[in-house]
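One point on numbering: in the UniProt record's numbering, the residue at position 439 of the sequence shown is 439, and numbering is uninterrupted.
Hints are computed from structural coordinates only; laboratory data are not their basis. All figures in this text were calculated on a predicted structure; none of them were measured in a lab. Warning: the hint list may mix true and false statements.
[Said to hold, decoys possible] Simulated restraints, written as ranges between beta carbons of each label pair:
#	residue 1	residue 2	range
1	Ser196	Ala298	48 to 56 Å
2	Val248	Glu119	41 to 49 Å
3	Ala309	Gly201	42 to 50 Å
4	Glu534	Asp295	51 to 59 Å
5	Arg47	Pro184	52 to 60 Å
6	Val248	Arg109	47 to 55 Å
7	Ala142	Glu534	18 to 26 Å
8	Pro557	Ala298	25 to 33 Å
9	Arg363	Arg145	24 to 32 Å
10	Ser196	Arg555	38 to 46 Å
11	Asp441	Arg363	22 to 30 Å
12	Gly49	Pro538	46 to 54 Å
Even for Gly, the Cβ is constructed at its ideal location relative to N, Cα and C.
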Amino acid sequence: MVRLFLLFLLLVAPAAARSQPSPAIAERHMIAAPHPLAAEAGQAMLREGGNAVDAAIAAQAVLTLVEPHASGLGGGALMLHWGAAARRLSAWDGREVAPAAATPDLFLRDDGQPMAFHEAAIGGRAVGVPGALRMLEAAHRAHGRLPWPRLFEAAIRLAEEGFAVSPRLAATIAREAERLSRDPAARALFLLPDGSPLPAGHRLRSPDLAATLRAIQTGGADALHRGPIAEAVAEVVRASANPGGMTVDDLAGYVPVRREALCAPYRVFAVCGFPPPSSGGVATLQILAFLAHQDMPALGPGRSGHGAAQALDAAHLLGEAGRLAFADRNRFLADADVVEVPVRGLLDPVYLLARAQLLDRDRATAPLRPGNPPWHRPSAPPASQPPQPENGTSHISVVDAAGDVVSLTTTVEDVFGARMVSGGMVLNNQLTDFSFRPRIDGRPVANAVAPGKRPRSSMSPTIVFGADGSPVAVVGSAGGSRIIGHVAQALVAMLDWNLDPQEAVALPRVGGRDAVVELEAGTAAAALADGLRERGVPVEVRSNLSGLHAIRISRGPGGTRLLGGADPRREGVAIGD
């Protein structure tokens, strides 16, 4: 028991000492981003009088160069934006879409069996029509303050002059070197002439990306979606050994969507997330709704008399709430513009209460099945989609001097996406976020491939509002479908346990998805595995590469105070003035 108590102390004492031991503190503005160069580019925009949207775009342009394995303008993005003056919350959808030639059997072999993940992901087959740049341009037209060309200057300079390859990027290139070597442009960008991976410290220059960014700087998103850059992207996709069907018409026809955010109460707060095609908003809000019926504040650090039993209870409830939410996610969530998604029913308070009552504080939830939300009576309920790998992604959180807030999650899906490069940009493999099987047991899968359809996402950009209707926190994460649990745990840490953002993002990761509860390997969370198994909970201990970036906002007679946190598992920072 003494050993368990010591492990509990480690569990609730954040791992921030590995990176940024204290939260960043600012009074005017702040950005938290997954690479220092991206954060610095965003901060420069804020210092010049730019707003949160300007800063996020500048940071994303730099991430296209310095974190190409996770995100870039060859991928997609989802952004929540709060405009303080208008007091309006918008959900900007830049999710990739399937090309017009896509068919439901895109990822089936000739024998009707689904392809292995990397069999589908590598090459042109899985490349979706990029949407990040079109969305960022639309958001800038609606909200931006600085001139569009100014936002790309830092990224262009870095692409031309080069930057030092970070240890994390070097390790990722080394791990993916063989796959990257199959594409001539990827090989030229990420490998040395002898075929070995770029080492840490190597100065990586990308004249091709600099040229692409200069074209975007003067021509806007049309420079990517029409003309020679679009023609080159479509040609690379179609000429691949594993070819896709994207055309220049697909690129020219991409349209971002301004949607309404999803908001639900949690304690005294309103938590707002992204609607479909993201599953993140619904699933995160469901997890919080389930936990609202538990005394989570009593299970957090800083309370007298707490120890291993409370840590075990907290992990149990976080994990089981996640598993229960994923049962609904896997059954119902998809692109609501194409298929019926019962969002209203999935977030109905009566339905959520009934689902919350399935949670047993002492035992695993059984049976673990999707619910029957109200206002949803299809003649043939859609089949649940089996889990499949999801990786990569970046997240940026920004608060500006006027009180505007951006929560931007952006991705190329898997590590280095399709392992293909065009115009210096890594191309996404986002179509593998669709179900590989269009039908299961004779029933349609909601997230099946269809032309023009957006694949289901797990991205969970989130903004939290206080009782007066003003933002009090902004958070999001990388990590594939684990994003949902990462964000939910960080919200509980900040809202229930009163941890600062750095403490919240550094906590050992605990989350439930699909059939199991996952505990982060190499941390004190892993020591809870036996205790959870004794309760009948299916547990796996896994390495974790969450990428949480969070900002907490407080206002008082002395002015505004911003606290920022960057996940120590990655290379990001939170900086501000």
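Hint check:
The hint said 48 to 56 Å for the Cβ distance between serine 196 and alanine 298, and at roughly 54 Å that hint holds. Remark: the range hint 41 to 49 Å for valine 248 to glutamate 119 is contradicted by a beta-carbon distance near 27 Å. The hint said 42 to 50 Å for the Cβ distance between alanine 309 and glycine 201, and at roughly 47 Å that hint holds. Checked against the given bound of 51 to 59 Å, the beta carbons of glutamate 534 and aspartate 295, roughly 22 Å apart, lie outside it.
For arginine 47 paired with proline 184, a C-beta distance near 40 Å fails the hint of 52 to 60 Å. Under the hint 47 to 55 Å, the C-beta atoms of valine 248 and arginine 109, about 29 Å apart, miss the expected range. A beta carbon spacing of about 53 Å between alanine 142 and glutamate 534 contradicts the range 18 to 26 Å that was offered as a hint. In this structure, proline 557 and alanine 298 meet the distance hint of 25 to 33 Å, their C-beta atoms being roughly 31 Å apart.
At about 54 Å, the beta-carbon gap between arginine 363 and arginine 145 misses the expected band of 24 to 32 Å. With their beta carbons about 53 Å apart, serine 196 and arginine 555 fall outside the hinted range of 38 to 46 Å. With their beta carbons about 29 Å apart, aspartate 441 and arginine 363 fall inside the hinted range of 22 to 30 Å. Against the hinted window of 46 to 54 Å, the Cβ-Cβ separation of glycine 49 and proline 538 comes to about 52 Å, which satisfies the hint.
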